[in-house]
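S.K.: This is what each chain is made of:
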Amino acid sequence: MMLRWDVLAAILGMALASYICRAGGYAVLRVTRPPPFVQAMLQHLPGCIFVAFLAPAFLSAGWATVAAGAVVLLVQARLRRLAPSILAGVGTLWLLRLAGIG
Amino acid sequence: MDERGGFTRQGVRRGMRAALALTLGLSPFGLVVGMTSDGVGLSLAETLLMSGLVFAGTSQLVALQLWADPAPILAASLACLVINLRLAPMGAALAPVLDRTRGIRLWGTLMVLVDNSFALAIAELRAGRRDAGYLFGAGFGMWLNWMAMVAIGHVFGTALRLPAGHPVFFASSAAVLALLVQLWRGRSELQPWILAGAAAVMVQGLGLGAPWPVLAGAFAGAGYGAWRDTRGRRA
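Protein chains in written order, with the numbering used here: chain A, 1 to 102; chain B, 1 to 235.
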């Protein structure tokens with residue numbers, strides 16, 4: 001098993017940087033009391049983060065991907081179970097591609 | 001689970017089960033990172049060490065694209081800092097779950113915080129359960145899956161040969177979409193979410209890469225939502 005010192009240093013730097021991000025937001029909040037506006041913002045952040053994550057990707061994707069995404073939303077809204085929803089979405093895209101669409 | 005919250009073993013188990021339900025959504029990304037890591041010449045030990053300690057796929061992919069000999073220590077660390085900035089507000093939003101824990105249970109749980117475990121934990125929180133064990137269990141379950149898939153990708157990557165547009169890679173977007181349904185609280189979400197999406201698309205259109213579209217969208221949508229919610233109280 002090969003482990004080079006420069007690679008190790010880069011990995012440790014990356015790990016430290018990532019942990020600062022993970023723990024930093026909460027660490028700041030633990031010592032300061034956020035104003036009501038910030039608290040209200042934190043309530044809205046979860047959904048908004050994921051929408052902001054998906055929107056650019058779906059906008060540039062073909063309509064087969066958009067259709068597969070709609071299937072995921074429908075199955076999840078109906079069944080409220082993650083595994084079948086993901087499977088249905090991948091399956092839909094697979095079938096559409098097999099049919100030569102998108 | 002009672003209202004006091006805390007960190008229970010039962011919560012850890014439930015979190016790990018929730019992570020298991022997401023296996024299909026999590027796995028392709030791990031495979032890609034393992035394959036890419038092999039492609040730039042990292043050994044299996046180095047790949048597993050990086051994935052185990054960093055545990056953040058997008059930032060690892062970007063760092064691996066910058067990879068050189070000797071390793072780009074500063075550039076790779078900066079890539080992780082910038083791309084994982086989105087995790088900082090997630091930790092803050094999880095305060096109600098984390099506030100009743102301390103020591104290794106608190107800082108160790110944050111070590112395995114990722115986007116998907118964050119979404120699951122917020123859905124739990126909104127259902128009235130504040131168990132940091134659930135957040136840890138979900139993150140740790142995802143970490144186990146991550147390590148296995150990265151290893152498989154590294155060892156068998158050249159044999160698998162999945163093209164970039166393969167439907168299986170849609171699974172990670174599908175997982176996030178399904179989680180989004182769990183985060184939907186009703187029609188009042190609509191305007192903030194539309195604004196978040198529009199802002200992200202706009203910033204992307206300006207040519208800015210990760211994490212700026214996500215951060216701009218998240219703060220635009222959440223800022224508008226907060227303004228709307230606190231407007232009556234301030235007046």
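Incorrect hints may appear among the rest.
Claimed, not checked - Under 7 Å between C-beta atoms, here's a sample of chain B residues computed to sit facing chain A:
1) G41
2) V176
3) Q191
4) G232
Stated by the list, open to error - To be clear about the criterion: a stretch of chain B counts as covered by chain A if any three or more of its residues have a C-beta under 8 Å from a C-beta of chain A, and this derived list gives those stretches:
5) 29-36
6) 70-78
7) 105-114
8) 146-153
No lab work stands behind these hints: they were computed from the structure.
Every residue gets a Cβ at the ideal spot worked out from N, C-alpha and C, and that includes glycine.
S.K.: Does each hint hold? Answer for all of them.
M.R.: Hints and how they fare:
1. G41: Where the cut-off is 7 Å and the nearest Cβ of chain A is about 10 Å from G41/B, the hint is violated.
2. V176: Check passed: Cβ of V176/B comes within 5 Å of chain A, closer than 7 Å.
3. Q191: violated, 10 Å
4. G232: violated, 11 Å
5. 29-36: violated (count 0)
6. 70-78: holds (count 8)
7. 105-114: n = 4 at 8 Å, threshold three: holds.
8. 146-153: violated (count 0)
Hint check: violations occur at hints 1, 3, 4, 5 and 8; the rest are consistent with the structure.
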